[in-house]
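K.L.:
Chain by chain, the residues run as shown.
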Amino acid sequence: GENVEQHPSTLSVQEGDSAVIKCTYSDSASNYFPWYKQELGKRPQLIIDIRSNVGEKKDQRIAVTLNKTAKHFSLHITETQPEDSAVYFCAASPANTGFQKLVFGTGTRLLVSP
Amino acid sequence: DSGVTQTPKHLITATGQRVTLRCSPRSGDLSVYWYQQSLDQGLQFLIHYYNGEERAKGNILERFSAQQFPDLHSELNLSSLELGDSALYFCASSPGPKRDGELFFGEGSRLTVL
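Just so you know, the protein sequences line up as chains L and F, in that order. For the first sequence, my numbering assigns the number 1 to the initial residue and increments by one for each residue that follows. For the second sequence, my numbering assigns the number 1001 to the initial residue and increments by one for each residue that follows.
Please note that the accuracy of each hint is not assured.
[What the hints assert, rightly or not] 25 Å max Cα-Cα, derived SDA-like pairs, lysine to any residue:
1. L:K42 x F:K1009
2. F:K1057 x L:V112
3. L:K42 x F:R1110
4. L:K42 x F:G1016
5. L:K68 x F:R1110
6. L:K71 x F:R1110
[Claimed, not checked] A few chain F positions that, by computed beta-carbon distances, are all more than 10 Å from chain L:
7. S1002
8. T1007
9. L1011
10. R1022
11. S1024
12. D1029
13. L1043
14. H1048
15. Q1067
16. E1075
17. N1077
18. G1084
19. S1086
20. E1107
Because the hints were derived from the structure by calculation, they are not lab data. What you are looking at is a predicted structure, and each value in this text was computed from that prediction instead of being measured. For every residue, glycine included, the Cβ atom is placed at its ideal position computed from N, Cα and C.
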């Protein structure tokens, strides 16, 4: 089955710096790659997603890139702010499941210091 | 507020006991997913229901079972509880039957097994 690895597990940056979180997946047929943000004690929420026919997608300060050949995708956060501090999860959706069956990475704890 | 309601929010019980977690999906959503999040762990997919039918199973133990009722709410039953079952259990819903799309998570049910 699909396996998603996520790095780093912890990332500390200064406010205003950029942060990059990387994920690799094993199933080359996976075709949907969302990123979820989970603030402390809160529920995960979708922040951005990308599909396999697109190489990059941006939404204000966040962007996701996808390299299907290498089977990896990354989350980029620019001009980080303290409110970006949270745990970020990448996920991959294996194809041919008929319905969504996301496999999540183990998460990256991002700490943005003022 | 995601529109997904989970009860109870917190539950403390003893080993060997049985508990039921309840989830009401967003209005109109036909798909319900259950995830387990242990301390400092990612989101482990347990099971997916669509319009009352089981559609996919993940790493769900035989001691655990779930169902989705005609009114689309879902229940996750955990029996013969062990200390290791202590975790945050999330329910998520999506409109379905799209192959991919945003999952809307509830606030979770935190289970503590003593």
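K.L.:
Compare the structure with each hint and give your call.
P.N.:
For each hint, the structure was consulted:
{"no.": "1", "hint": "L:K42 x F:K1009", "verdict": "holds (12 Å)"}
{"no.": "2", "hint": "F:K1057 x L:V112", "verdict": "violated (37 Å)"}
{"no.": "3", "hint": "L:K42 x F:R1110", "verdict": "holds (12 Å)"}
{"no.": "4", "hint": "L:K42 x F:G1016", "verdict": "violated (29 Å)"}
{"no.": "5", "hint": "L:K68 x F:R1110", "verdict": "violated (37 Å)"}
{"no.": "6", "hint": "L:K71 x F:R1110", "verdict": "violated (34 Å)"}
{"no.": "7", "hint": "S1002", "verdict": "violated (6 Å)"}
{"no.": "8", "hint": "T1007", "verdict": "holds (14 Å)"}
{"no.": "9", "hint": "L1011", "verdict": "holds (16 Å)"}
{"no.": "10", "hint": "R1022", "verdict": "holds (16 Å)"}
{"no.": "11", "hint": "S1024", "verdict": "holds (14 Å)"}
{"no.": "12", "hint": "D1029", "verdict": "holds (12 Å)"}
{"no.": "13", "hint": "L1043", "verdict": "violated (4 Å)"}
{"no.": "14", "hint": "H1048", "verdict": "violated (6 Å)"}
{"no.": "15", "hint": "Q1067", "verdict": "holds (17 Å)"}
{"no.": "16", "hint": "E1075", "verdict": "holds (19 Å)"}
{"no.": "17", "hint": "N1077", "verdict": "holds (21 Å)"}
{"no.": "18", "hint": "G1084", "verdict": "holds (17 Å)"}
{"no.": "19", "hint": "S1086", "verdict": "holds (16 Å)"}
{"no.": "20", "hint": "E1107", "verdict": "violated (5 Å)"}
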